[in-house]
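**Q** Sequence:
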Amino acid sequence: MSSRRFNKACLASPGHTRYLDNRKVIPTVLTAKRLSEIIARATMQKRRDFVAAEQEEQRYMQYLQDGNEALCRRFKKIHLSLDEEKQAKLDQEVKDAAILDKQVKLEDEQMRKERIYRANRILENMKPGQVALKSARLQSEVIFQRKYNKAVNRRIAEEAKQQQELNEKLCPEICIPYSVLGVEEEKLERKAKALEYGQELAREVEERRLRKLDEKEQENFDGIVERAQYQCLHELEKKAAKERAQKSREFRVRSYRDGLKEKAEVEKYANICEEIGDRIVCVDTVKKRRLNTDAAKGIKQQMAERIQRKEQLAIELCRQQQAQRRRAEELEQQVVDRFEEDMLVEQARRECRLQELAKERRAYELEQQQQQELRRKQAAEIRRFQVAERLKNSQVNQRFQWCQKAKKHDDSVKLRRMLCDQQDEFLARRQEEQVRFSSCQADAYLPDDVQFFSDALDSMEAAKKSGRPVLPIARAVETYRRENQIELPNTRMMARKKIRDYCWPGYYSKAELAFKNYEHRNKCLDEQQHERREMLEKSAEIMKMAAEEKPYKKCDKETPLKLIQHRGLPALESVDSFDYGSNLCLADDALPAHLNSAINLIQLESNSNSPINMSRLKQHSGTLKSPKKGDEVICCSPANSCSTSLDSRIIHKTLYSWR
1 MSSRRFNKAC LASPGHTRYL DNRKVIPTVL TAKRLSEIIA RATMQKRRDF VAAEQEEQRY
61 MQYLQDGNEA LCRRFKKIHL SLDEEKQAKL DQEVKDAAIL DKQVKLEDEQ MRKERIYRAN
121 RILENMKPGQ VALKSARLQS EVIFQRKYNK AVNRRIAEEA KQQQELNEKL CPEICIPYSV
181 LGVEEEKLER KAKALEYGQE LAREVEERRL RKLDEKEQEN FDGIVERAQY QCLHELEKKA
241 AKERAQKSRE FRVRSYRDGL KEKAEVEKYA NICEEIGDRI VCVDTVKKRR LNTDAAKGIK
301 QQMAERIQRK EQLAIELCRQ QQAQRRRAEE LEQQVVDRFE EDMLVEQARR ECRLQELAKE
361 RRAYELEQQQ QQELRRKQAA EIRRFQVAER LKNSQVNQRF QWCQKAKKHD DSVKLRRMLC
421 DQQDEFLARR QEEQVRFSSC QADAYLPDDV QFFSDALDSM EAAKKSGRPV LPIARAVETY
481 RRENQIELPN TRMMARKKIR DYCWPGYYSK AELAFKNYEH RNKCLDEQQH ERREMLEKSA
541 EIMKMAAEEK PYKKCDKETP LKLIQHRGLP ALESVDSFDY GSNLCLADDA LPAHLNSAIN
601 LIQLESNSNS PINMSRLKQH SGTLKSPKKG DEVICCSPAN SCSTSLDSRI IHKTLYSWR
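Going left to right, the sequence shown walks through residues 1 to 659 as my numbering numbers them.
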């Protein structure tokens, strides 16, 4: 077979024979890369590489699968079943839903609280104090913007003035007298300028003409140089073409000689192949002839052997059939004999069975009689047991009734205790409500005052930080403080009531309620006093910040004219001729409390256009307080310069001893 394949390969037509028929065809020269690609395509190198890569991938996947199976065998029951996974997923969804609902509720509650806070803040801002504070902030902003605009306008005016002065210094005004001589001089100057301009124009035209000539000469020179360069390049290209043609001719000659050598080698190889083929054909013919002769002899011998084997098989089959027939007859005779023996045995067995059944019937009847006697005895015992059980059940029922009564009693005791606890809790809550509503009557306006002063202090700090004026806010705070009678908290001692009526049954509960009432009232009053003190501290801090921006100025020593006019006394220029009365004061002396309050009322009447709630004013005539330690009263006339201070009439500067 190999010789045949070799023969076919040798008899194939050579690939270069077409070059011998057509001498004009140029042989193809292959590079090493191209030759390797052709060989790879012929041998299916890419396909083999692809198959090898797939096999390697399969081996790697099998390795991973075996490793996974080994791990699974090592660690059992690490995967949940499908039902367990579904249940876990449902549980997780329920947990997530619960968390989400809780978060949504918290967000809704937070938003609701924010809305309530904003609504309360809006309502707070609509109150008169907050409106006055807002107007003070707006006034402060207006003053700041007005000052800023004035400063900007002033700076612009100063810069314009400086620029005007600079322009006047650089270009001063000079008076030139008008005359005929000046006109002639101007004409001569114009002629001179025209001549100078004509000469300059002619000079520029000449320069342009010379520049154009130079550019044209440069272009001609560049053309000559470019032609020479192109000629050199053309000669170089001709020389390179001749060299390429010479190399091509030499290459063709070498290729032709190589082709002749290859042709001679191919012819020599073809002759050798032809001789080998002839020898193979000869050997093949002899082999076939000998094989055919041997095959004919073997076939005849095989046919004779097959006929002989068939005859022997037929004789053997006949002998086997005769033996089987004899065995069948013997077997039939044995079956008949066995049947007769079985019939005899069956008849004897039936007789024995009848005797056994008779014995069993007699034993069954005897056993039935015994069972009836036993049932009669059991029925008698059951009747006796029922009678005893009836007696026992009555005792059990009695015990059950006793247990039910005890359980009912325990339940009633528990219920009574629970109701008593609820009653005690209700009474305690009611007592706390009584204490809360009756012990301390809180000031309804105190939270508004605290909120106002807190907002005012924040506004003052913000205005001071941003450079806005704080005097309008301080003036609004002072007006609010005076109109709403915000002063020091009244301090008074509170003592516990001493009730010693021990004979009265309700003494202890009433005394406890009174003591809790006392404690709650004390606590409430302390909180109110603390809030008022904080409020006054903020007021003092606001006054201090306002004083830092615009300090106070003391007035000249003179008589308060408004006070004298209010009291009905004439205004005198000099008071040196008589002693001072009780209705007069100097700047160094402190005013009495009733005069101080009267002056406050005058100021409030003059400033009655304020938007602050006036309903909270009390009657000063009945509630005038004594002057506090550390108060200063500074008096000034309307015509004096003290009108630019924080208050145009009176300024209180309080130094509290409780700080």
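Treat the hints with caution; some may be incorrect.
What follows is a list of derived Cβ distance ranges for each label pair [said to hold, decoys possible]: (1) Q355 x I382: 38 to 44 Å; (2) E159 x I116: 51 to 57 Å; (3) A157 x L201: 49 to 55 Å; (4) E389 x K95: 38 to 44 Å; (5) R319 x L291: 41 to 47 Å; (6) Q451 x D96: 27 to 33 Å.
Straight-line alpha carbon distances no greater than 25 Å define the calculated DSS-like cross-link-like pairs of lysine-lysine that follow [unchecked claim]: (7) K147 x K523; (8) K263 x K242; (9) K464 x K544.
Because the hints were derived from the structure by calculation, they are not lab data.
Note that beta-carbon positions come from the ideal geometry of N, C-alpha and C, so glycine has one too.
**Q** With reference to the structure, classify each hint as holding or not holding.
**A** Going through the hints against the structure:
| no. | hint | in the structure |
| --- | --- | --- |
| 1 | Q355 x I382: 38 to 44 Å | holds, 41 Å |
| 2 | E159 x I116: 51 to 57 Å | holds, 55 Å |
| 3 | A157 x L201: 49 to 55 Å | holds, 50 Å |
| 4 | E389 x K95: 38 to 44 Å | violated, 58 Å |
| 5 | R319 x L291: 41 to 47 Å | holds, 43 Å |
| 6 | Q451 x D96: 27 to 33 Å | violated, 43 Å |
| 7 | K147 x K523 | violated, 50 Å |
| 8 | K263 x K242 | violated, 32 Å |
| 9 | K464 x K544 | holds, 12 Å |
Against the hints set out earlier in the document, violations occur for numbers 4, 6, 7 and 8.
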